[in-house]
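Engineer: Chain residues, written in single-letter form:
Protein chains: 2
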Amino acid sequence: MPEVTERAVNVQEHLQQVVTLLSKQRMVEDIVHRQTMPRHDLVETLVHKQHMVELERKLNEMHPADVAYILEALPLAQRLQVWDLVRAERDGEILLEVSEPVRETLIAHMDRDELVAAAEQLDSDEIADIAPDLPREVITDVFNLLPVEEREQLRAALSYPKDAVGALMDFGMVTIREDVTLEVVLRYLRRIGELPRHTDTLFVVDRMNALRGVLMLNQLLLNEPEAEVSALVQRDVVKFEPDDDAHQAAEAFERYNLISAPVVDASGKLIGRVTVESVLDYIRATTDTELLKMGGLREEEDIFAPVWNSLRNRWPWLAINMVTAFVASRVIGAFEGSIEKIVALAALMPIVAGIGGNSGNQTITMIVRALALGQITAANATKLLGKELLIAFINGLLWGTILGVVAFLLYNNFALGMVMMSAMTLNLLLAALAGVAIPFIMYKLGRDPAVGSSVMITALTDSGGFFIFLGLATLFLL
Amino acid sequence: MPEVTERAVNVQEHLQQVVTLLSKQRMVEDIVHRQTMPRHDLVETLVHKQHMVELERKLNEMHPADVAYILEALPLAQRLQVWDLVRAERDGEILLEVSEPVRETLIAHMDRDELVAAAEQLDSDEIADIAPDLPREVITDVFNLLPVEEREQLRAALSYPKDAVGALMDFGMVTIREDVTLEVVLRYLRRIGELPRHTDTLFVVDRMNALRGVLMLNQLLLNEPEAEVSALVQRDVVKFEPDDDAHQAAEAFERYNLISAPVVDASGKLIGRVTVESVLDYIRATTDTELLKMGGLREEEDIFAPVWNSLRNRWPWLAINMVTAFVASRVIGAFEGSIEKIVALAALMPIVAGIGGNSGNQTITMIVRALALGQITAANATKLLGKELLIAFINGLLWGTILGVVAFLLYNNFALGMVMMSAMTLNLLLAALAGVAIPFIMYKLGRDPAVGSSVMITALTDSGGFFIFLGLATLFLL
Chain V
0 MPEVTERAVN
10 VQEHLQQVVT
20 LLSKQRMVED
30 IVHRQTMPRH
40 DLVETLVHKQ
50 HMVELERKLN
60 EMHPADVAYI
70 LEALPLAQRL
80 QVWDLVRAER
90 DGEILLEVSE
100 PVRETLIAHM
110 DRDELVAAAE
120 QLDSDEIADI
130 APDLPREVIT
140 DVFNLLPVEE
150 REQLRAALSY
160 PKDAVGALMD
170 FGMVTIREDV
180 TLEVVLRYLR
190 RIGELPRHTD
200 TLFVVDRMNA
210 LRGVLMLNQL
220 LLNEPEAEVS
230 ALVQRDVVKF
240 EPDDDAHQAA
250 EAFERYNLIS
260 APVVDASGKL
270 IGRVTVESVL
280 DYIRATTDTE
290 LLKMGGLREE
300 EDIFAPVWNS
310 LRNRWPWLAI
320 NMVTAFVASR
330 VIGAFEGSIE
340 KIVALAALMP
350 IVAGIGGNSG
360 NQTITMIVRA
370 LALGQITAAN
380 ATKLLGKELL
390 IAFINGLLWG
400 TILGVVAFLL
410 YNNFALGMVM
420 MSAMTLNLLL
430 AALAGVAIPF
440 IMYKLGRDPA
450 VGSSVMITAL
460 TDSGGFFIFL
470 GLATLFLL
Chain W
0 MPEVTERAVN
10 VQEHLQQVVT
20 LLSKQRMVED
30 IVHRQTMPRH
40 DLVETLVHKQ
50 HMVELERKLN
60 EMHPADVAYI
70 LEALPLAQRL
80 QVWDLVRAER
90 DGEILLEVSE
100 PVRETLIAHM
110 DRDELVAAAE
120 QLDSDEIADI
130 APDLPREVIT
140 DVFNLLPVEE
150 REQLRAALSY
160 PKDAVGALMD
170 FGMVTIREDV
180 TLEVVLRYLR
190 RIGELPRHTD
200 TLFVVDRMNA
210 LRGVLMLNQL
220 LLNEPEAEVS
230 ALVQRDVVKF
240 EPDDDAHQAA
250 EAFERYNLIS
260 APVVDASGKL
270 IGRVTVESVL
280 DYIRATTDTE
290 LLKMGGLREE
300 EDIFAPVWNS
310 LRNRWPWLAI
320 NMVTAFVASR
330 VIGAFEGSIE
340 KIVALAALMP
350 IVAGIGGNSG
360 NQTITMIVRA
370 LALGQITAAN
380 ATKLLGKELL
390 IAFINGLLWG
400 TILGVVAFLL
410 YNNFALGMVM
420 MSAMTLNLLL
430 AALAGVAIPF
440 IMYKLGRDPA
450 VGSSVMITAL
460 TDSGGFFIFL
470 GLATLFLL
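Same order as they appear, the protein sequences are chains V and W. Residue 0 is where the first sequence starts when you use numbering that gives the first Met the number 0, and the numbers rise one by one after that. Residue 0 is where the second sequence starts when you use numbering that gives the first Met the number 0, and the numbers rise one by one after that.
Hints are computed from structural coordinates only; laboratory data are not their basis. One or more hints might be untrue.
No copy is singled out in the list; a pair is fine if it fits within one copy or between any two copies.
Computed cross-link-like contacts, DSS-like style, restricted to lysine-lysine with a CA-CA straight-line distance of at most 27 Å [to be verified]:
1) Lys382 with Lys57
2) Lys23 with Lys340
3) Lys443 with Lys292
4) Lys23 with Lys268
5) Lys292 with Lys48
6) Lys340 with Lys292
7) Lys23 with Lys48
8) Lys23 with Lys382
9) Lys268 with Lys48
10) Lys292 with Lys268
11) Lys382 with Lys292
12) Lys48 with Lys340
13) Lys48 with Lys443
14) Lys382 with Lys268
15) Lys443 with Lys161
Just so you know, these numbers come straight off a predicted model, no measurement behind them.
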């Protein structure tokens with residue numbers, strides 16, 4: 000458990016203080032560099048030292064999460080300067096708090112011994128969390144240094160995929176037997192001297208370590224010491240297995256307002272627990288990833304990452320869009336003859352494509368959300384599709400008519416207006432159909448519908464929109 | 000506190016069972032309707048009754064959050080059928096759990112007395128949560144029925160905007176004095192008989208109710224009963240004021256892994272507390288809203304909402320996009336003469352606009368995230384802009400060259416290829432500039448950069464892309 004440190008409601012104040020100290024120190028360095036008069040040297044070195052000492056003191060008073068926050072917000076050179084000032088025995092807990100790309104920059108700056116020392120400060124489940132970023136040989140060293148029990152825990156923790164409950168699990172459990180009195184439990188707790196963070200329940204197990212239920216910590220306080228555990232144990236417990244879906248576990252935590260929950264193996268033996276802390280981290284990480292992927296980034300990006308890293312993070316998406324844009328361009332290319340005759344088509348076609356894309360994305364947002372919440376069943380899927388098609392039809396007629404009138408007024412061509420309206424309606428219907436079908440199919444294929452769906456529908460409504468509009472124009476206007 | 004009910008790791012199983020029972024019952028109803036032979040009547044009514052009784056029993060065994068989940072996933076008619084089966088004394092806790100649009104459909108189906116009875120089951124902070132959906136006269140009735148203290152709490156809770164800590168606050172606090180022993184505290188707790196949910200700390204106050212610190216519940220268990228509270232009280236406490244930003248409070252909960260934290264007024268008096276439960280709800284609600292708004296929906300939408308409601312939810316966004324698409328269309332219209340001469344421009348222009356939009360959205364996603372995390376300072380903003388411009392320049396040259404070569408090969412026109420490459424580079428630079436500037440300006444203006452930024456940049460890179468590409472073509476190719 001981390002010691003109690005200074006904590007701030009507004010962590011930006013911390014950041015501002017650090018930046019100020021760093022810039023003062025940089026000014027001193029600049030002076031030292033520019034001036035060469037020896038008599039000043041001593042004073043400046045002292046002033047320099049003073050800033051650094053103050054910064055060091057500040058950093059070591061801060062909560063590890065706040066130090067992590069500051070490291071994230073600093074450009075690489077200053078980040079490493081601050082990192083050097085952090086006391087070595089706090090390295091582990093801070094590495095745990097920073098984001099993955101920032102962790103990589105810090106780890107790259109540490110040698111093998113430092114890394115082993117940092118990892119050693121952590122619990123086995125925490126080591127597993129940062130293990131993917133550690134060099135192979137560091138993990139081997141750490142592994143050999145761990146006591147047998149923790150070594151087994153680390154091995155287990157490393158074996159779970161990141162979307163399994165096993166990856167959220169820690170081993171900070173207090174277990175008790177049910178044939179004792181609260182008095183005995185209390186004496187036992189006082190002997191241990193401290194409880195793992197977020198302990199709201201004690202796990203009641205039998206002699207084979209099979210979970211029999213939980214005892215709420217409250218019960219220890221609210222009942223007379225003579226009461227037996229067996230009379231107060233809660234049997235109906237939300238429990239997980241390590242292979243359960245982490246997403247589902249997080250939802251159970253939210254629905255039932257859990258603080259901690261036991262993890263058992265297939266035979267019912269207690270092997271770990273999940274706390275609201277790792278659930279919160281998981282929720283934050285997954286929604287973050289989702290937002291980033293929707294924005295076209297491959298993964299989380301350190302804002303001060305070298306340009307080369309940023310480029311690699313952004314290329315996959317640009318490449319995909321290049322291909323879809325090229326396809327759309329070829330669809331237009333196929334109708335160059337028609338555009339040559341009625342050049343107004345070139346100006347109007349992006350509207351049809353654009354509104355189709357927007358409408359399709361609205362449908363997809365709805366459906367992806369309902370799928371994520373598990374609200375879509377085979378029974379109501381057709382009903383939903385029907386509703387989306389009806390909405391698309393109404394929107395198509397409505398906005399299509401407006402645009403049709405505008406096109407008619409602009410180009411004084413009634414047939415062009417009619418083509419505009421029909422194309423809008425058809426493209427919105429296509430968008431609604433695809434907006435329901437794409438996420439549904441991806442879900443059935445076991446893919447995450449949140450990520451690729453939006454690209455696909457935009458590609459479809461672009462190419463489809465151009466094809467429908469230019470096709471109708473070629474049929475009816477030429 | 001809700002009674003202990005059946006809880007499921009996978010709530011979809013619950014939903015499936017309800018749907019099965021509902022469909023069985025519907026089958027029976029169909030038979031009753033179609034057949035008119037009196038001798039069957041009795042049996043069918045019995046079978047019908049049997050299904051409904053089983054469904055009712057199932058529902059009343061479920062956790063309120065699970066019933067809420069099922070109500071969300073059912074079309075309106077079935078939703079109301081299920082709602083009628085829920086025991087009246089559970090209405091309040093379930094109304095609290097369902098989403099706002101679904102809550103509206105349930106409330107519309109209840110009369111004044113039912114609503115008052117439902118609200119009365121809730122704590123004052125919970126009544127405040129559902130108050131916006133309740134008819135005015137119901138709130139008045141409830142208000143008059145509440146004891147004075149709770150009436151004041153409700154009045155206070157209703158007065159906070161939804162993004163203030165006050166809106167997350169509840170009043171389930173246990174307060175103690177510091178000049179007593181743990182023994183006294185324990186006796187006091189046993190007399191109360193139960194603790195509010197998520198009580199991990201007791202609040203230590205003086206006789207003026209000013210907060211002096213907190214006593215971790217753990218300390219009660221781990222220390223001898225003779226110890227004095229004053230020796231164990233933790234003075235350095237993360238505490239909030241009701242007007243503090245809820246977003247910042249949620250971040251503090253995450254950073255410091257809090258379960259509950261006190262809320263004090265300006266003079267330091269304890270007035271309430273925030274728990275991880277309301278923080279989780281808040282995080283879920285805000286990320287949900289953000290995702291919905293990014294998808295172009297005005298607010299959360301009941302998937303079974305009447306078509307009219309859905310239309311109203313989607314029109315604002317479509318209208319905005321209509322305007323931006325129209326502007327882009329007029330930009331193209333201004334160059335109709337050029338397109339008439341080189342029709343290839345019509346086919347190539349959407350690529351320039353599209354890739355610009357994608358690249359701009361990548362930048363915006365990064366910047367919005369960094370702004371939300373408070374990582375952008377005046378000092379590093381220019382650094383970030385420089386980096387984004389460099390990335391845009393490299394990407395422009397790279398992808399621009401590829402497209403330029405493709406354009407050259409397709410149309411056998413070297414100058415067209417050069418225009419393509421230059422237009423790509425310029426549009427990506429525009430995208431990078433706007434991708435940094437737009438969210439930054441919105442942030443400075445106190446608006447949420449997450450929502451409108453994406454629309455704005457797409458509008459800009461569309462119109463800008465068309466203008467740059469067609470403009471360069473007109474200058475150099477004609």
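Engineer: Please flag the earlier hints that this structure goes against, numbers listed from lowest up.
Structural biologist: 2, 4, 5, 6, 9, 10, 12, 13, 14
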